[in-house]
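Student: All chains should be built: construct the whole structure from the sequences, respecting the hints.
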Amino acid sequence: DAKTTQPPSMDCAEGRAANLPCNHSTISGNEYVYWYRQIHSQGPQYIIHGLKNNETNEMASLIITEDRKSSTLILPHATLRDTAVYYCIVRVNQAGTALIFGKGTTLSVSS
Amino acid sequence: GAVVSQHPSRVICKSGTSVKIECRSLDFQATTMFWYRQFPKQSLMLMATSNEGSKATYEQGVEKDKFLINHASLTLSTLTVTSAHPEDSSFYICSASTSGTFYNEQFFGPGTRLTVL
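Protein chains in written order, with this note's numbering: chain A, 1 to 111; chain B, 1 to 117.
Honestly, the hints are just simulated from the structure, not real lab data.
Misleading hints may appear alongside valid ones.
Here are the simulated DSSO-like pairs of lysine-lysine, each with C-alpha atoms no more than 30 Å apart in a straight line [claimed, not checked]:
hint : chain 1 : residue 1 : chain 2 : residue 2
1    : A       : 103       : B       : 41
2    : A       : 3         : B       : 64
3    : B       : 41        : A       : 3
4    : A       : 69        : B       : 41
5    : B       : 20        : A       : 103
6    : B       : 14        : B       : 55
7    : B       : 64        : A       : 103
Tutor: As structure tokens, this is what we get:
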């Protein structure tokens, strides 16, 4: 079973920030938080991951609470092409360990 | 970033035939490859994990004799759906992982859509 809980859907206006929450209250000390997204009929795309510090890359920012029981993925300026299913996954960073997908959040960006 | 390809991108076959799907890591050596399937409006479900040169480890409920996985090299894994039936129609996605430069990241292929008539 997935170890994360996400809202099933969210809406965002184009150009605004999209903040996608994720609860992972049973996360272990050696588990990382990963975010992937899947645009319709494509393979999942890696976005970002982190352990306990906030992380930022060219795609998004990841904010992890101090107790690590929840996190938020931030797309600073959402575009129509960001419409996708976003998956929050916790996993140990160990070779050979699969990503287990939950139901994710369907983000709809509209103009 | 690392690139994973799948071939074919879509395939239609008759019930009872076998279909082979290839997954290749194009610019890195994949110590481990994973196979997922995804039914419409559902999430990805892990089918099996394979390490180069070893037998695949199948998830509970996945028939190993029906879904044959071969991982003969560090850049190629194949999934063969044997005696396919309409209920096997799905989106099959592979991913590859390496313990090298990309720090255990898992990179996904574009998927193969299988339709069994």
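Student: The structure should be examined with respect to each hint, and the outcome stated for every one.
Tutor: Hints, one by one, checked against the model:
With a CA separation close to 10 Å, the supplied pair residue 103(A) and residue 41(B) stays within the 30 Å bound. Pair hint residue 3(A) plus residue 64(B) holds up; C-alpha atoms about 26 Å apart against a cutoff of 30 Å. Of the supplied pair hints, the one linking residue 41(B) and residue 3(A) holds, its CA atoms being roughly 20 Å apart against a limit of 30 Å. Taken as a hint, the residue 69(A) and residue 41(B) pair is honoured in the structure, with Cα atoms around 28 Å apart against an allowance of 30 Å.
Note on residue 20(B) and residue 103(A): the hinted pairing holds, with a Cα-Cα distance of about 28 Å set against a maximum of 30 Å. In summary, the hint linking residue 14(B) to residue 55(B) is supported, as the alpha carbons are separated by about 28 Å, within the 30 Å threshold. The suggested pairing of residue 64(B) with residue 103(A) holds, with an alpha-carbon distance near 25 Å, which does not exceed 30 Å.
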